[in-house]
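Order-wise, the sequence lines are chains W and B.
Numbering-wise (numbering that gives the first Met the number 0), the first sequence opens with residue 0 and increments by one.
Numbering-wise (numbering that gives the first Met the number 0), the second sequence opens with residue 0 and increments by one.
Careful, some of the hints might be misleading.
What the hints assert, rightly or not - Using 30 angstroms as the maximum straight-line C-alpha spacing, the simulated DSS-like pairs for lysine-lysine come out as follows:
#1 B:LYS227 / B:LYS283
#2 W:LYS121 / B:LYS283
#3 B:LYS2 / B:LYS227
#4 B:LYS179 / W:LYS121
#5 B:LYS1 / B:LYS201
#6 B:LYS201 / B:LYS227
Just so you know, the hints here were simulated from the structure itself, not pulled from any lab data.
Source: prediction; values computed, not measured.
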Amino acid sequence: MTPDRTCVLAWLRRSAAALHEQRDYLTSLDAAIGDADHGINMDRGFTAVLDKLPTVAEADVGTILKTVGATLVSTVGGASGPLYGTAFLRAGTALAGRQELRPVDALAGFEAAYEGIVARGKAQRGEKTMLDAFGPALDALRAAIEAKQPFANALRAAADAAQAGALATTPMMATKGRASYLGQRSIGHQDPGATSLALFFQMMTDGK
Amino acid sequence: MKKLINSPESVVDDELHGLEAAHPDLVRVDFENHIVVRADAPVVGKVGVISGGGSGHEPMHGGFVGRGMLDAACPGAVFTSPVPDQMLAATRAVNGGAGVLHIVKNYTGDVLNFEMAAELAQAENIQVASVTMDDDVAVKDSLYTAGRRGVGATVLAEKIVGAAAAAGAPLERVANLCRKVNANARSMGMALTSCTVPAAGKPTFELGDDEMEIGIGIHGEPGRTRMKLAPAAQIAELLLLPILEDLPFRSGDTVLAFVNGMGGTPLIELYVMYNEVSRILKGKGVTIGRNLIGSYITSLEMAGCSVTLLKLDDELTQLWDAPVHTPALRWRA
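My request is simple: use the sequences and hints to build the entire structure.
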């Protein structure tokens, strides 16, 4: 089955539920190397997203994602608000008017989201950020789609790569964001942004 | 967690209601946009000066809104940057036709949100200048960090550029003054205890009864080093020497010395620290031309202090001395 806006809406709801459930865990990761608010902020943002979803229940995928992005920019604050917000806004722009998502469309959406985070955060992989989960996930997704694997398998591969990428941030030294203030002391802690990013990919494979 | 609050969710709004109730002559709070605005804003023909950041640093920034300082402040959730909508609303509210200065503390979240807001305001043809404050010498400014944090110098900059804006200076000059304050100020802080973010409910970090953290940020971010508690004289050296070396401040300089409480430290201890600071500066041949002592940029109930030195010249001294009337800072007005 080709994913459509119903799948996208369901994914957003699962993600909101997962962020709510993982709120304290994400916050505790942030307390170790940041300012102890990541889970709280993401939960606040996606609670607002849940409130907004009924207004786009009949809309195309692009509009849904743009609405999510605008809501996150308006409610999350911190660095996560502009970064996740920009990601969803860019994906929404890339997927404007789409009712269904072929694998190549989904890939284009994720690529636009990734580039949005790179541009807004002036970041790259290896700096102990959400890109360290997103980058590997995108690589895995692209490889699986180019190899004509079933879309569900491609998402599974992306989710696994995101999870591995998030875990791989633990030995990294942060050079971007608030964790960078710690220098060497940021080593040994998993990055909260990479962890929440991996959760979004995880939620694409659950409940199917 | 023991706090004088109704609930973690309502703490920022409840505080803003209190601020407005206490100072209706100076500020009004726009609860829809979640901003604190000078009561008579916009002042036609005057550059608007706004700032913002996470809550939990009171009186910064809302307590500095009024006459001769900020025109508006955007309070975020506790320790969380406000969002672009707030900054855009504040920018509109204070735009008297001469443009608006955004004073941004250098934290990734604040910088990104203010950047988005400035883009939105410029799209509405409001002239915006942004200056990022990064005076904290505890953080190495290098390619490998997000850069120095904005701390105590922000308070001094808001006062000084607010005075310049009140005197009718154009946007470019107000922005350049803000850069000048930032370039001539250095800070460093320390903590004796942690703080508890209301929504988190438990202390952000653990510090032993006999330990202190040197180089702490204003959000409970760990600092340079953790060490055994020492006498105030030694703590003052640990804070001041990196500050003095960094600019550097030299014999013959005149400075504004700002000894700031982190929220949970009584004035008696701040004066003890001020005494040590003035002793060290005297030894270095640095004259204290002006001072500020008290809790102005705080970290909830954290105990500890920060020291900021600003190298003064006639221009900065005159603007510092100019009248100011805000909830938290008032003289000659």
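Structure-based check of each hint:
1. B:LYS227 / B:LYS283: holds, 26 angstroms
2. W:LYS121 / B:LYS283: violated, 41 angstroms
3. B:LYS2 / B:LYS227: Holds, at about 28 angstroms.
4. B:LYS179 / W:LYS121: holds, 26 angstroms
5. B:LYS1 / B:LYS201: Judged against 30 angstroms, a Cα distance of about 10 angstroms means the pair holds.
6. B:LYS201 / B:LYS227: Between LYS201 of chain B and LYS227 of chain B the Cα gap is close to 23 angstroms, so the pair holds against 30 angstroms.
Consistency with the previously given hints fails for number 2 only.
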